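Chains as they are written, first to last, in the working numbering: chain A, 795 to 1254; chain B, 795 to 1254.
Read the hints as simulated data drawn from the structure, not as lab findings. Check before you lean on any hint, since a few could be wrong.
One copy or any two copies: either way a pair holds, since identical chains are not told apart in the list.
[Said to hold, decoys possible] Dumping the calculated DMTMM-like pairs for lysine to aspartate or glutamate here, alpha-carbon to alpha-carbon at most 20 Å:
no.	residue 1	residue 2
1	Lys1150	Asp1061
2	Lys1150	Glu1066
3	Lys1150	Glu1063
4	Lys1150	Glu1076
5	Lys1150	Glu1065
6	Lys1150	Asp876
7	Lys1150	Glu870
8	Lys1150	Glu815
9	Lys1150	Glu1062
10	Lys1150	Asp1224
11	Lys1150	Glu877
12	Lys1150	Asp874
13	Lys1150	Glu1219
14	Lys1150	Asp1081
15	Lys1088	Glu1066
16	Lys1088	Glu877
Model, not experiment: these values are computed from the prediction.
Protein chains: 2
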Amino acid sequence: MADIAEPEDAASDHDYALSNEVVSAVHLSVATGDQERLRDLLDPLHAADIADLLEQVPTGERREILLLAPDVVDGEVLSDLDESLREEVIAFLPQEALDEAVRELDSDDVVDLIEDLEAPQQEALLDALEDADRAAVEQALSYPEFSAGRMMQREVVTAPEHWNVGDTIDFLRAHDDLPEQFYHIVLVDPRHRPSGYVTLGKLMGSRRDVALADLLEPSFRTIPIAQDEGEVAYAFNQYHLISAPVVDDSGRLVGVITIDDAMAVLDEEHEEDILRLAGVGEGRLSDSWLDTTKRRFPWLAVNLVTAILASLVIAQFDAAIAQIVALAVLMPIVASMGGNAGTQSLTVAVRAIATKDLTGENVWRVIRREALVGLANGLIFAVVMGIVGVVWFGLPMLGVVIGVAMVVNLVVAGLAGIGIPVVHERLGVDPALASGAFVTTVTDVVGFFAFLGLAEVILL
Amino acid sequence: MADIAEPEDAASDHDYALSNEVVSAVHLSVATGDQERLRDLLDPLHAADIADLLEQVPTGERREILLLAPDVVDGEVLSDLDESLREEVIAFLPQEALDEAVRELDSDDVVDLIEDLEAPQQEALLDALEDADRAAVEQALSYPEFSAGRMMQREVVTAPEHWNVGDTIDFLRAHDDLPEQFYHIVLVDPRHRPSGYVTLGKLMGSRRDVALADLLEPSFRTIPIAQDEGEVAYAFNQYHLISAPVVDDSGRLVGVITIDDAMAVLDEEHEEDILRLAGVGEGRLSDSWLDTTKRRFPWLAVNLVTAILASLVIAQFDAAIAQIVALAVLMPIVASMGGNAGTQSLTVAVRAIATKDLTGENVWRVIRREALVGLANGLIFAVVMGIVGVVWFGLPMLGVVIGVAMVVNLVVAGLAGIGIPVVHERLGVDPALASGAFVTTVTDVVGFFAFLGLAEVILL
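All chains, full assembly: derive it from the sequences and hints.
Okay, structure coming up:
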């Protein structure tokens, strides 16, 4: 790749990340205040890499970079910058640099940039726009957050349904304000309702007298303007869409969403799922320790409550534990195995719900499967732990107790792992959000209760 | 949307999933053997939805559907079908249906379809292809699995560097075998090395005498053929690519990767991360209970070993527990809080490594932050648990013990949660794969040791 790479490739290492050499050189040039060297280093970088660099350096150095080279932060860098840092960077940029940065962006990127800012900053950025652009952005901001209306760009290339290839090509050639990127010509009826689309490739490869109506792509699909952005991303991935027209309530064309925006949303949705499953909420790597502490605290607090619940169960059996300390030694194993098996089922369920693979159709079959899996693995680990119990403590009945408790808890774990997210989803709560704490509570409580309860009945 | 929807939209409900009504109607038509009704139901469905339907019904019904309507399974349905079911469906389809299905696919889709099949099935499908297509597929299969070579399609539209818009349009119009989907004209030098690309939109909107060289897109970037598919997907997402030429070791153009394939890989990579973090490996919803049990067993076995390690720690303090049973009641709380806090740090770290946001540059800062977060949350929960300990058991020093143990374990959890995946990554092991078990082991062992050890020193 090296010998044919564009200049901007020179700075990125083999796996596309910002290279350590560049970062070190940036440190040096900031430390020595070498403005010229800093610019030479940043200029060839892709906007996304400059954004990454700004995210990775400490706050103080970030400010020095912005002081030394404010003009490297163009609109694209601001777009690519993590939301949590945008406010800081925007507040620190000179107004002229900011105005210039915003003016060069497409309307959908401006929307993405300013929708999370505080009102005064929003106002300042809107002021930088020309009137038409400002109206477009304000219109987009009037649609619900996380909706198709916020994702779409308003610039769409359309053609009347009766046109042929020649009409369309002449029209395109006569226009010099075509959008930067477009892939389809959208056919619209006289009331501006889209009825199909034709790819540019097909258009170029066809004779001038061919009707557009004969070149329609079967993948055509419209998106309602209020559709949730996650659903839009799902549709792009499921139906292999490249672009899709967005329509208002009366079916009129109002914009278009392209696959690059859908891919970015898919990535964000995944991030949300994985972080929520772990109880991290919306944490960013560049957050301060104080923000991070605040963000993680509620999840740990919930966990504390569930852990205390489990302890209350243990406390019911303090007499048994006082007599046979082996119970205290072994009980965390039952709970831990249940917690793990529950997390396995839970994660499969959350992912399957996200991809719409877990439905009313197969949910009972999957629940039955999870119970069987719990039973099968439970039986295997029951035998293993039964033997460990006997060998370690020389108490055959202790082996039986831990074995039975293991089977019970793994079956319950399988059922809870699938049942709890399914119920959450039916109730309209994000299954990734709260299911983990519930599942662990169930497996802890059931694990301790089954093990200690059986022990009290059988061993005492 | 309803009034302008294409026929295929009629069958999908508002959020694009297969609707329950259609699934119920399919059940009925299969149960009554009503071939005609089944075809009427399946015909308007998108291939991806037919694939989902086949995944969701039980094995027996899947076979009946294939018997009643074998021709609904075209190439696209096979492509969209989950890998775990492809073999079963392929084995069950009549050879003619199979041949037809494979012949209509692009070479990259055929590669995707057959790369995971057993050799005899692979051979049968290859036999269905024409010689040229077969050669293309076999060539692709010679590249490493999960590489750019497997993802790319070989059909690329190229133009010599010196051409202008008119030359290119004439060339395109003279060709009737253009690829189904293409977005860029790739400029190549006389040795067929790509040097830039021009979008079809720019081409259409420019005068015939404009040189292609004046219309180049700044986003241009080539992909080495051996590049890992995850890195390719990352590059598309990071640099907002729509398509990228693939080059061999000598820099010659060998194919092109488009964003729809990159989006599919991004989705798979995410699925892998989330499932690996939960210790589920590659489980699919349509796997049998036996396969699922086998797949989850190793992870549970690893967890058992770590749980036993933790129990060995507890066993060292059996005398203390026998004297103060409250220790047994409270000890799981310390371990559980540590496990949760560790999982929080771990998940943030795994995600940040995947997005290349955690680098040598900021790793020490993030480690310091995680330690501080652990300290801060540890102090808060130390106070809470200290009070709980005193109130519950009336032992002030027990409150001190659990408080100190909590602080120690939450700091260790933060450090382990970030340190363990970072070390894994440096060693070339997927951080999502094994980190979870290590982190829990550390938090369990440290939690029990700190709490029980302190109790022995202070309370006895």
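Results of checking the hints against the structure:
Both within a single protomer and between protomers do Lys1150 and Asp1061 lie at most 20 Å apart by alpha-carbon distance, with minima of 17 Å and 14 Å respectively. Both within a single protomer and between protomers do Lys1150 and Glu1066 lie at most 20 Å apart by alpha-carbon distance, with minima of 17 Å and 17 Å respectively. When the C-alpha separation of Lys1150 and Glu1063 is checked against a cutoff of 20 Å, the pair qualifies both within a copy, at 14 Å, and between copies, at 18 Å. Taking the shortest alpha-carbon separations for Lys1150 and Glu1076, only the inter-copy value of 18 Å comes in at or below 20 Å, while the best intra-copy value is 23 Å.
Both within a single protomer and between protomers do Lys1150 and Glu1065 lie at most 20 Å apart by alpha-carbon distance, with minima of 18 Å and 14 Å respectively. In this assembly of identical chains, the alpha carbons of Lys1150 and Asp876 lie at most 20 Å apart only when taken from different copies (13 Å versus 29 Å within one copy). For the identical chains of this complex, Lys1150 and Glu870 are inter-copy neighbours only, at 19 Å across copies versus 34 Å inside a copy, given an alpha-carbon limit of 20 Å. In this homomeric assembly, Lys1150 and Glu815 come within 20 Å of each other (Cα to Cα) only across copies, at 15 Å, whereas the closest approach inside a single copy is 44 Å.
Within a single copy, Lys1150 and Glu1062 get their C-alpha atoms as close as 18 Å, and across copies as close as 15 Å, so both meet the 20 Å cut-off. For the homomeric pair Lys1150 and Asp1224, the shortest alpha-carbon distance inside one copy (13 Å) is at most 20 Å, but the shortest distance between copies (27 Å) is not. In this assembly of identical chains, the alpha carbons of Lys1150 and Glu877 lie at most 20 Å apart only when taken from different copies (17 Å versus 29 Å within one copy). Taking the shortest Cα distances, Lys1150 and Asp874 sit within 20 Å of each other only across copies (14 Å), while inside one copy they are farther apart (30 Å).
In this homomeric assembly, Lys1150 and Glu1219 come within 20 Å of each other (Cα to Cα) only inside a single copy, at 11 Å, whereas the closest approach across copies is 32 Å. With identical chains, the CA atoms of Lys1150 and Asp1081 are at most 20 Å apart between copies only, with a shortest distance of 16 Å across copies and 33 Å within one. In this assembly of identical chains, Lys1088 and Glu1066 lie within 20 Å of each other by CA distance solely inside one copy; the values are 18 Å within and 30 Å between copies. Within a single copy, Lys1088 and Glu877 get their C-alpha atoms as close as 18 Å, which meets the 20 Å cut-off; across copies the closest is 42 Å, which misses it.
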